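**Q** Chains as they are written, first to last, in the working numbering: chain Y, 848 to 1420; chain S, 87 to 662.
A portion of the hints provided could be inaccurate.
Said to hold, decoys possible - With a cut-off of at most 20 Å between alpha-carbon atoms, the simulated EDC-like pairs for lysine to aspartate or glutamate come out as follows:
| no. | chain 1 | residue 1 | chain 2 | residue 2 |
| --- | --- | --- | --- | --- |
| 1 | S | Lys-605 | S | Glu-530 |
| 2 | Y | Lys-1062 | S | Glu-518 |
| 3 | Y | Lys-1108 | S | Asp-133 |
| 4 | Y | Lys-1060 | S | Asp-306 |
| 5 | S | Lys-189 | Y | Glu-1066 |
| 6 | S | Lys-140 | Y | Asp-1107 |
| 7 | S | Lys-524 | Y | Glu-1058 |
| 8 | Y | Lys-1279 | Y | Asp-1332 |
| 9 | S | Lys-598 | Y | Asp-1404 |
| 10 | Y | Lys-1060 | S | Glu-526 |
| 11 | Y | Lys-956 | S | Glu-284 |
| 12 | Y | Lys-1078 | S | Asp-219 |
| 13 | S | Lys-189 | Y | Asp-1404 |
| 14 | Y | Lys-1062 | S | Glu-530 |
| 15 | Y | Lys-893 | S | Asp-306 |
| 16 | Y | Lys-893 | S | Glu-307 |
| 17 | Y | Lys-1060 | S | Glu-518 |
| 18 | Y | Lys-1278 | S | Asp-306 |
| 19 | Y | Lys-1062 | S | Glu-407 |
| 20 | S | Lys-555 | Y | Glu-1044 |
| 21 | Y | Lys-1108 | S | Glu-137 |
| 22 | Y | Lys-1029 | S | Glu-188 |
| 23 | Y | Lys-942 | S | Glu-305 |
| 24 | Y | Lys-856 | S | Glu-320 |
| 25 | Y | Lys-1181 | Y | Asp-1386 |
| 26 | Y | Lys-1261 | S | Asp-508 |
| 27 | Y | Lys-1270 | S | Glu-307 |
| 28 | Y | Lys-942 | S | Asp-313 |
| 29 | Y | Lys-956 | S | Glu-518 |
| 30 | Y | Lys-1060 | S | Glu-188 |
| 31 | Y | Lys-1078 | S | Asp-215 |
| 32 | Y | Lys-1278 | S | Glu-518 |
| 33 | S | Lys-517 | Y | Asp-1386 |
Said to hold, decoys possible - Computed far set for chain Y versus chain S, every beta-carbon distance over 12 Å:
| no. | residue |
| --- | --- |
| 34 | Pro-853 |
| 35 | Phe-1014 |
| 36 | Lys-1172 |
| 37 | Leu-1291 |
| 38 | Thr-1389 |
FYI, nobody ran anything at the bench for these hints, they're computed from the structure.
These figures come from a predicted structure and were not determined experimentally.
Positions of the beta carbon are idealized from the N, C-alpha and C atoms, including for glycine.
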Amino acid sequence: MKHLIPYFKKYKIQSILAPLFKMLEACFDLAVPLIVASIIDTGIAKGDKDFVISRFFLLVLMSLLGLLSSFTAQFFAAKAAIGTATGLRHELLRKVQSFSFSEIDRIGKSTLITRMTGDINLVQNGVNMFLRLFMRSPFIVFGAAILAFYVDRDLALIFVGIILLLFVAVFGIMFVTKPMHKTVQQNLDRVTAQTRENLNGVRVIRAFGREEKQKEAFENINGTLLSSQLKVGSISALLNPLTYIIVNAAVILILWFGADKINNGRLFSGDIVALINYTGQILIELVKLASLITLIARSIASMGRVGQILDTESTMSYGELTEEKNYDEILSFKNVSLTYEGAGAPSLSDISFNVKKGETVGIIGGTGSGKSTLVHLISRFYDATEGEILLKGESIKKWSKSTLNRTVSIVPQKAMLFSGTVKSNLLYGNKKASDEKLREALTLAQAYDFVKEKGGLEATVEQGGRNLSGGQKQRLTIARALVSDADIIILDDSSSALDFATDAALRKALKSLCNQKTVFIVSQRTSSVAHADKILVLDDGTLAGIGTHDSLLEGCDVYREIHESQFKKEVQR
Amino acid sequence: MKDKATAKKVLHLIKPYKLPVVASILCSLISVCAQLIIPYFSGNAIDFMLEAGKVSFEDILRIIGIIALVTGLAAVSQHLSAVCNNKVTYCVCRDLRNRISEKFHTLPVSYLDSHPSGDLISRMISDVDTFADGLLMGFTQLFSGVLTIVATLILMLSLNGFVALTVILLTPLSIFVAKFITSKTHRFFTEQAKIKGEQTALINELIEGQNIVSAFGFEDEALGSFDEINQRLEHTSLFATFFSSLTNPSTRLVNNIVYAAVALISSLFALLGTGITIGQVSIFLSYAGQYAKPFNEISGVITELQNALTCAKRVFDLLEEADRRPDPENPVNPEIKGSVELKDVAFSYSPEKKLITDLSLKVEPGKRIAIAGPTGCGKTTLINLLMNFYDVNSGEIIVDGENIQNMTRHNLRSRYAMVLQDTWLSGGTVKENIIYGKPEASEEEIISAAKAAHAHSFIKRLPQGYDTKITDDNLSVGQRQLICIARAMLCLPPMLILDEATSSIDTRTEMKIQDAFAKMMKGRTSFIVAHRLSTIRESDIILVMNDGKVIEQGNHEELMEKNGFYARLYNSQFEE
């Protein structure tokens, strides 16, 4: 909740005026039964025609004033609510941008997206309705009771009774059904999951002839959903009859005791009409209040989820260093280990190696052996939990973020492009790159031909690059990294979607760069790393071998095994 | 017209619940009438207590008795009608969902392939919900709304025609006001939805690509383009929210003015002593309030009904989709040998794009056929045809001497074991998944199948061993694949369809899988979608595919000699 306070402060005037004007409108609503009572008691009873006409105009005037104050209130409420949501969205994105990989892994991307969209919308809705109704509904309920006291002190006691009873009925049913609604939702989620399973597994289900069994399983879950729906439905269905009985019991009591008072000359018939009207108003507002509370509870929960993100602090901080001094090795790992947050075992342990400028380094190993983790440490997506990483002779933590970004450029495993044009995507690498430079990078990445076919640098890239094939996306992300002029380029299994021929051409092209740049190539194929100056072989998070293709074939079992699994020629089975 | 047809189908759905539907209509009839009559009686009661000393307590007691009785009646019928409505709504939902679920098993695979599962799921879940809620609830609301209007009209007319006319003529004004505002705000809502869509797309992109944004130091630019959309959204949302929130106060204004007019006119009548009592003034006032309510609701109900019909149509469209070709009436059941023959087979997914033409192939029992080609060349097409997920356009596929269209699909498919790259497992435990094709398997059989698939050792290490529930993320892709293999191992028919793993599995797990595959293939006719050249090289027949077509056919030596597409593909592996 504390994150909302700055916005209430920013929209202080709106946040105060909106409920105030709503209360004003409520005052007009509350006055209507009293005016009607006076028409009956003064106008009709005493035969005063002018009085009746003047009250009519008073009623119309009050409706108009009510309309105006309502408009004002709605405007202020909308303004404050939407302003708050807009601000929150901005804050949230800024926060997410400050997160390192660890935070994003922990929270999850899809969660972050729902927080930014669905949750903030609910907060906006909640603030809006809160400002509009949280004063009005209680004000009418209690106002009606107070005015009843003004009309007649004894009969007003009936009002105290019905407010209490209605309150118990409305909120009691809400309280009882809330967990049941949750069960219904869970059952519905299970039906959805079962549906998805049946659709995605259609081939396997049919291949194994399991249609009947799957159908039965679905009908079971669907039946459970039905009975939970009927259960909550039968309780919710009590609300209307219950409140109806309570209100009419009040009407009966008012009529009976009112009749006595009139007989004694202590009350007029118009007063009775007014009191009966108030019972109706109370019921309407209590029902509104109940649905408002559900809505507010949901948006408070949403606000809590948004707040959780805003309260998360990034675990990564950057240094100030921008100038480089002389160095021997461009990169060195000294007994580096990394254990992911919450993981039981380290993903990398005790890794040490040195890389000189201009070298090509291959990294190979099975899935889960820690290849990607290792290169993520080089681009400092994570920090090592033990040991030290030196970049250009200084601890990697000392470099400023922008210097680090300029020095290391990564081509991630999953090609990620942004909607825009080919050019706007390539400029990610270097905001100031010339068109010529972009073309050069495209050529090196074997992407020039298909880009030209699609319309050149200005060709459109749709969201996530979905108008491109997997291989095309990979080649564009490689080009993007090449544009950056970084000293270190990391290719994280970036050619998996390329066919053999394109992959080979790409490798040839990259080789021509190798004298200027230090290139890391992560791959599962020995053929992709065979030509590297140095190959790191990872096995289960440890460094199983380091050397050239030939020396590793000789001296590293893991490497030989991988190689042989791909070139079966030598395998004896 | 279309709506009429849909409505007819809806009636058919409701048919089994005739009794609760009739009960619901009856109960809501009773409750509406009862609710309307109460203000009438309380107005009457007031007429018996006009002046001090002249109150008629017997009459009041009598009326109070009636009110109590009617209240009870109204409450009970209200509850009953709600319960009946729930019953009908939820049961119709269940029936529809069961029918859709059943439909999923009889639709041709081609339909499921060409319709995104997200769309089908939304028909199953949200369309059914909107339909049932909207249609049945909307219908009852409409019914009781119209009933309220008619009954109020009759009651008011019976009291005083002139006052009644005032109410009748003025109240519908609120509908026009509401319509007017809705039509004016529609533009803002369309605009808002558009900007929201844009913003969500950007949020998706920025969060999915956060590591890239950060690695290239593009945070400020990203935030800038986000803010631009965010500001536009703020602007439009303000208008949309504000203007749409004017509807309620505006209709309330109209209702209040009607209320005031009724107060004025009925009081003037009472004043002149022309047949309106004070009690009747109060009756009119409460009717004036009640009469407006159904009017204000009805326009909403009509939109809801239209929505419901649209959703119903989407659901019915799915249910009426043509089923796959039925199984033959007198199916043959040839002896299981494991021979396959394709005779002049032609096939394409759409008539515009010819894929397979004149494909002939004869496979003796026990041979191995590799299907090779670059990614996306349509290797799965052949699996679709062999398993009869799709029917051939012309020509025939003969298994064990019989055209597969003369067998039941179940019979045909039981002759194959299939392991696909897409490692689909059902939601149950590891064990339930392994026995998927052979539910009666013994414990030993299960374990030996798992051992043969190299899955036993990791399954043992799972928290609950073979009884561990499989979730989306407690197994790696490789482990899932091994379970799929164990599943196929358990019921080993004479023919195999295997889809080799690509890069998502590390090479050592892949070796285990290869080894398991090799065990399975021994002595069995196998079709293998091959990615690894070593597998391809050792096959008896290689089908080389490109762009969905089979372009070359032969064994490794023959194809290398031919020096065509296959030879180029093979050689590129060794290029430096």
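**Q** Of the hints stated earlier, which fail here?
**A** 4, 13, 14, 15, 16, 22, 29, 32 and 33
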